[in-house]
Every structure is written in structure tokens, then in C-alpha cells.
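There are 2 protein chains.
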Amino acid sequence: MKSMATRFIFLCFSLFSSTTISFAKATSRFPSSILRPEKLSLSTENELYKAKYFTQTLDHFNYHPKSYETFQQRYLINDTSWGGAEKNAPIFVYTGNEGNIEWFAQNTGFVYEIAPRFEALIVFIEHRFYGESMPFGGDKKVAYKNTSTLGYLSSTQALADYATLIIDLKKNLSAPDSPVVVFGGSYGGSQVRSESENCYKVIKGSWQQIEDTANQPGGLDLLRKSFRICNNSSVAGSLAGWLETALIYTPMTDYPTPSNFLNPLPAYPVKQMCKAIDDPTGGNDTFAKLYGAANVYYNYSGDATCFDLDDNSDPHGLSGWTWQACTEMIMPTDGSNKESIFPASEWDYNDLASFCEAYFNVEPRPTWITTEFGGHDINRVLKRFGSNIIFFNGLRDPWSGGGVLKNISESIIAITAKEGAHHVDLRFSTSEDPGWLKDVRRREVNIITEWLSQYYHSLTP
Amino acid sequence: MKSMATRFIFLCFSLFSSTTISFAKATSRFPSSILRPEKLSLSTENELYKAKYFTQTLDHFNYHPKSYETFQQRYLINDTSWGGAEKNAPIFVYTGNEGNIEWFAQNTGFVYEIAPRFEALIVFIEHRFYGESMPFGGDKKVAYKNTSTLGYLSSTQALADYATLIIDLKKNLSAPDSPVVVFGGSYGGSQVRSESENCYKVIKGSWQQIEDTANQPGGLDLLRKSFRICNNSSVAGSLAGWLETALIYTPMTDYPTPSNFLNPLPAYPVKQMCKAIDDPTGGNDTFAKLYGAANVYYNYSGDATCFDLDDNSDPHGLSGWTWQACTEMIMPTDGSNKESIFPASEWDYNDLASFCEAYFNVEPRPTWITTEFGGHDINRVLKRFGSNIIFFNGLRDPWSGGGVLKNISESIIAITAKEGAHHVDLRFSTSEDPGWLKDVRRREVNIITEWLSQYYHSLTP
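Protein chains in written order, with this note's numbering: chain A, 1 to 461; chain B, 462 to 922.
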């Protein structure tokens, strides 16, 4: 499948907002990995949250018979720090993105770590059609069967789910005046040039070499051997994509400490990748260098003996993103041959439309998202119709180019970190966190504190 | 039909807003009346607008097969004053409410009168399922047939229609930077006590008298004769509603000059009604007094010889409101016996639900609108998530109690007029307009001028 994905990322904290949205990118390729946060201040997942279920409306915007169907939406809750309704103590809500909500909870330690000082209730809400939150009876096969069921997977419905669940939860807790702080994160672009000019040049030059080799007699066998591709796996047409995935997701998760978000990785994995490429002992064997780099991403544990490029396992349940990318999340991404480390590519709407027609029998609506959310000039729109949002972007994150990097108003604040990767601020802290990361988190906490104090002030007559 | 209607009104002008919404109330009873604005600066309706049609998406929020159906949405356009795209001249958009858009255009002269000084393009967009904007082939009978078709009549869909049409129009006009000023108006309560204490007491006392008379032998005939009810019309159970309608809609349209919005009326019709009731020559004949008052509303032209209380004609095409009141526009309205001129009534959700089940086979969603638009504390929500809105309320308008009467922020401004009726400011001006009305309009024009100037300033780098 041609990558139709995009590189629009933003990460935001939003206070009092019911319109926060996280755009997220997921490819179809995620290697299996064990879900385990690299550090928990709590010893087991059971202590992180309890799973609950909310009877959610299938269709918030129409009133035909099917609209009245409901489904069970999963949310995770932790009330150990909550100060309670009588204090109007805050509710921290993470609005889920395109995957199993437990995975996000386990990788969003920041919320757990700051909850006690705010006496906050923690709620992670799963996005419809992901994880266990499956309409049409809870069975993913049924929910994903065809357009008449999958048709209810849309961003506006998901936002309405969150608003409905939060309002019902506040009602049940008798906490109408508790402020809600919304957290969300997401990702999706690439550079390693800042790490090493040689590394950049080797990668950039390799695509043509791979293609030339594949077209030579015996070339596929050479590639299979060079990259340790399993015997049962295809090579032609798959290898470049497999390498691209590593080259996109490693910078995206270029954390300063060892981590396991998409795959288990060492601290600063981009540095490790480029080390493999720049290693003078490697001589001029481009394929050996590339293999070493890919190993950082695909085989940090060292357990893999060969790689199956056809592996479509989806441990985090991200497959629904393909549907979203075929309906409303239409994000044109061109690759320029001049600067990009990737092969040149030209985005063609018709290619996307043909794929979506064949795969889902659905026609994309390329202008809807910008109509709904005002994305053509998000600064102008947000300035007048939003408040109390923090956008954090790590500039190492390849996709930070799509983020809000400058303040939009007094209360819509952009925080950037030169050395940061995507959503690094949201992760559990570790004893090895660098000073800049601690500073980012401290600043975020201070802003949330100030906004909450303004809110409580506005409650007193 | 029991009145399930409400009395929530507001009227607003909104600049740059794609989220303005007008809540409107319409009863099932509107007497036939000829559509004719009382004063046009232009000689014929043909000069007011040209009708055009836009191919609109049936369902903006889902992607199942039916969602991809389209319908023809009507809009009215007048470009005689437009300064053009090269000047970034503004676009004035009236977002239609629950009726034929031509009726609203003909009663919204303000927009026409101020357009020249702003060099504005004028666009009136019809609300889906009203007027000619009928999904499912354009035939109202088909569109209103059952829940599977009527289900697409919802406020969020209507707002998405407006956003989609406006964005497409700007694109076609190559006017991406033209500011859009949105106008809307609506209504829905009642007092005549400020006019005359005696008038108030007579009306308040009459309900019991009508009921007592109806229960006496020969009482219905007496009522029929007293109120000149046609022989083919029912009396019992209909008379009180017929009088209530007059007592709601006359104060609502208590304009300072003769008008014809709902019905043809004299200047200050409430004064005329109370004159009929207070008239000392009327003696103690309550029914004769009430008849005189009802005549002001129902028979100002003097043409009617008898009244048909069963008349359900709907000249402005407002019938879809019943569906909206059965699905999302759930607005509890109690009548207190202590102060209200109307008989005491207690609002009961179950009554509404039973009616809607029997009539439409649909279940109301009483919490959706406040979830979607934040209505439980609109001040708190708008302050943080809106800007550049003027809310005008005439305090004579019985339903102004539901309006925004105080400024919410520096750019969300409430204007009230002690002697104003609902949306009086939006009407065509006349040579007899009182000073306070001229002042209101002048202030509105000044605010729009200032906001547009801020906008143009923000366009220059």
C-alpha cells in the first residue's frame, strides 16, 4: 500500500476546551512489541487505572433509526488523587487517538505524575472504533465490515463522544464546576541531517542503489541477504517502505532515555542509527550501514533473527486510521528530491481516491476537515475562537513542521524544545531526564496552575 | 397539539463566526398572510435577490453510503453593492432559520440597507428541510416522510451546510480573504403588564372564565358567538390556544411602525390590544374585550368574517420545527400561575416524549444541544470560545428573558432596547422609526465597521 500518510502533528494541552483535536498518523506497519511502559511510578497497570464502560450514542448528529443505536465506549479512570466534587477538584482527561487506550495511558506518565499536586481525577477515553470501543456489538470484524458500519468512524463523532462522556461523568460525580483539563498527543515527516551530514548523504543515496540492485539478476537475493529478510517474506516493493518506516519513526521517538513506545529503543536512537551509518569500520558497504541503522529500530532487543517485511500485525489496534485517511483525513504530502532523505514522490489525489474506492468503496472528502476545524489558517481561526491551549513540539520530531510553533494569543501558547521528539513531555519522567525536558514540564505545570487559578477565581461571585 | 415550544430567543450578529446559531420557536399555528415586506428600498423582490442552488452533502459527519447523497440547497444572492474579491470586500451572510428563506430576506432590510456602505455581497442561505431546500429529491412529502429521511434535519448538519456553502462560494469568487459577517435572528414567553395593569388582570382572569363557560350547557355556543368562530371549526380545546398564540406573537412583533412579519399589524400592536381591553365603553364583557384584542392580531386588515381555529396552514413553511422540538431542541418552559398572564402549566418531559413517540416515532435527546453548544452556562463558554458577536434584544420582546443581556467580553457585546421587540433592528427602516431604533442600528454599524477594520489590519503583514 502506498503511503498516504501525513506528517501533521500536534500535541496540546487544552483547558476547558471541548474542541481540542489530535491529528495522528499511523502507518500500517508496526512490529509486535510487548506493551510495557519503561518506567512507572506505580508497580502494575492495575494501579494505573480501572476500565469502565459508557453507553455511547452511535450518531450524535442525525436522528434516523440507526442513530439511536448505542455502543460501549471504554474509559480508564484513576481517582486516587482526586480532591473530590466538594472542592471542585479538576478532572484530567486524555482524549484517545487511533489505538488501544491502554497503550496511550501507559505512555502518558506526565498526567499521572502531576495529578497529585492538582488533586486531579484522571480519565483516559478510548476513541470509537479502536481498542475495545467497537460499535455494532463490540466485535471489530463486524464494526469494520463495510461502509454502513465503518461510516460512523469520524473525527466529529469522536469529539462528540468525548463531550458527552465528560458531561455525563461530571453529572454522575455531582461535579458540575470541576474544571476539565484535556490532554492529547499525536504525530505524524523527516530529517536526520542535523545529526550527521554523512548519515544524511548515505541514506539519501541508497534508494537508487536499492532499486538498481533489485533490477539486476540475483539482486533480490543480495538484498534479502543484506537485510536479513526472512525466506517467506517478499522483498521487491517492500524493502524501501520497511526502511522508510524506520527512518520516520526513529526520529519521531528520538527520546533522551531508553523507551518503548512504538518499538523498544535506546536513548537518542537517531544518534545510534547514524553511528551505524557513519561507523568507519563499515567501509563503503551501503547496505551493511543501512542494515545497522534499521536494526536500531527493528531489533534493539537483538531477538530477531530475520525480518518479515509482510508482517502486518497491529499490536496497538491502529488499523482504523486507513479508513480515516480515506474519508476525512486527506493530507497531501509531497517529497522533494532536493532535500528529503526519502525518494522523491508526488502526491496525487487520484491515487488516493482509487485506492479508497477499491479498498473501502468510499470516496474521500478532501475539504471537510479544514471546513470543520478551520485548518487553512489555524492561527487566524484559533485566535478568535479558542483559548487556554498549550502546543508543545519537539523540533527533533520530524513532523514538528506541521505544528503550532509560535504563540497565537496570550492564552494559546507554543512551547518548543530544540532537542525534543514528539510528545516527549507527556511521558513518564526518568532519573536521566535532561534539564530542558524538566524545564518544559515545569513550564506546562505552571501554566496549568495559573489557568486553573483564573478559573476558580471566576467561580466566586 | 400541546405546546412544547419554548421561549428561548436570541438574535445575534456574528463576525467571522462559523459557529453562530439561532434558536427559534415556531408554533403550529400561523394564519395565512401575503408575503410582502412593508417597505422596500427596492421596488420588487426580483431586485432583492437572485435564487441559486448549491449541491450540498446530506450528512457531513458520517461516511456510510447514504451520507454521500446530496441535495439542492437554495441561497439568495445580491451582488449589486459588492466591491469585489480584489478589494477583499466583505460578504454578509444571513444563516436561515426554520422557514422559507425568501420570507426572512424580505424581513431583514437592515442587511440590504447597510450593504452599500460596506460594499458587501449579500447572501441568504436557506436551512435544510425548509422552503425549497428539501433533501431526497426536493419533494417535501418525501423528505418529511419518516425518521429515515427527516433524521437528517438537525442543527449541527445545518451549521455544517452553511460553512460548506460559504467556503465554496468564497473559492468560486476567488475571495479567500473577504471577511464574512454572519447575521441571524430568532425568537420564542410573555408580558403585557408594562403596558397596562388592567389589561394584564383582564387577560389573566379570562382563562378560568373561558373554561367555566365551556363546561356550562350552551357555553360552547356562547364562546363561538363571542369570538366569531366559524361554524365548521371546533371550539373546545382550541380557543385557549388560539388566544395564547395572539398573546405571544403580538408582543413579539410589537414594532414601532406598521408591519407584516407574522401577520399584518398596526404600529405598537400591544398598545392597540390593551386599548381594546381597557376601553371603558366595553363595560364588563370580558369576552368582547378579548375578542377585540384577538382581532388586532388576527384581523387587522378587517377582511375576516369568522375564524377557523382548526386552520393549520403554514405559509412560511415552519412545520419542520415540530421535528426539531422532538429531537434536539428540548426546552422546558413552565408557566407560573403567580405572574404569568397565561394559565399555569407544568412542563413534563414525559408528555413531550409520548407525543414525539406517537407523532414521529422518535425519542428526544434532551441533553444534546447543551453538550454541543455549551448552553448551560453560555457566558462562561462564549467568553473563552467566541469573539466578535453582537446580541441584540428588545426588552418588549416577551422572550428576551432567554437572551444574552450583558456583555460577555470585549468583543461579545449585548445591546438591549427597552422599547424594542424581537429583531426589530434587522427590519427595513421606515421614516417613522423612533430615535432609539436609529441609535441601535448606528451602534451596530459602528461595531461592524470597527471589527472589519481590525480584520483588514490583520491581513497586512
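Quick caveat, the hints were computed from the structure, so don't treat them as lab data. All C-beta atoms, glycine included, are put in the ideal place defined by N, C-alpha and C. Please note: incorrect hints may appear among the correct ones.
DEER-style ranges, computed between Cβ atoms [claimed, not checked]: (1) 593(B) / 456(A): 50 to 58 Å; (2) 172(A) / 903(B): 31 to 39 Å; (3) 174(A) / 677(B): 46 to 54 Å; (4) 117(A) / 871(B): 32 to 40 Å; (5) 870(B) / 380(A): 15 to 23 Å.
Listed next, the in silico DSSO-like pairs over lysine-lysine satisfying Cα-Cα at most 30 Å (straight line) [to be verified]: (6) 632(B) / 170(A); (7) 844(B) / 406(A); (8) 66(A) / 602(B); (9) 171(A) / 601(B); (10) 686(B) / 513(B); (11) 383(A) / 867(B); (12) 548(B) / 383(A); (13) 631(B) / 171(A); (14) 632(B) / 66(A); (15) 632(B) / 383(A); (16) 383(A) / 513(B); (17) 631(B) / 383(A); (18) 406(A) / 632(B); (19) 170(A) / 631(B); (20) 87(A) / 632(B).
Some chain A residues judged to face chain B by a derived CB distance under 10 Å, without partners named [as the list claims (entries may be wrong)]: (21) 152; (22) 155; (23) 279.
Going through the hints against the structure:
1. 593(B) / 456(A): 50 to 58 Å: Since residue 593(B) and residue 456(A) have Cβ atoms about 51 Å apart, the given range 50 to 58 Å holds.
2. 172(A) / 903(B): 31 to 39 Å: violated (50 Å)
3. 174(A) / 677(B): 46 to 54 Å: About 52 Å separates the Cβ atoms of residue 174(A) and residue 677(B), which means 46 to 54 Å holds.
4. 117(A) / 871(B): 32 to 40 Å: Hint holds: Cβ distance 33 Å, inside 32 to 40 Å.
5. 870(B) / 380(A): 15 to 23 Å: holds (18 Å)
6. 632(B) / 170(A): violated (42 Å)
7. 844(B) / 406(A): holds (23 Å)
8. 66(A) / 602(B): holds (22 Å)
9. 171(A) / 601(B): Given pair residue 171(A), residue 601(B) is violated - Cα atoms ~40 Å apart, limit 30 Å.
10. 686(B) / 513(B): Violated, at roughly 49 Å.
11. 383(A) / 867(B): holds (23 Å)
12. 548(B) / 383(A): holds (24 Å)
13. 631(B) / 171(A): violated (42 Å)
14. 632(B) / 66(A): violated (35 Å)
15. 632(B) / 383(A): holds (23 Å)
16. 383(A) / 513(B): violated (33 Å)
17. 631(B) / 383(A): Satisfied, since the Cα-Cα distance of roughly 21 Å is no more than 30 Å.
18. 406(A) / 632(B): Since the Cα atoms of residue 406(A) and residue 632(B) sit roughly 28 Å apart, the hinted pair holds (cutoff 30 Å).
19. 170(A) / 631(B): violated (41 Å)
20. 87(A) / 632(B): Violated, because 51 Å separates the two Cα atoms, which is more than 30 Å.
21. 152: For residue 152(A), the interface hint holds, since the closest Cβ of chain B sits about 5 Å away, which is under 10 Å.
22. 155: holds (9 Å)
23. 279: violated (48 Å)
When each numbered hint is compared with the structure, violations occur for hints 2, 6, 9, 10, 13, 14, 16, 19, 20, 23.
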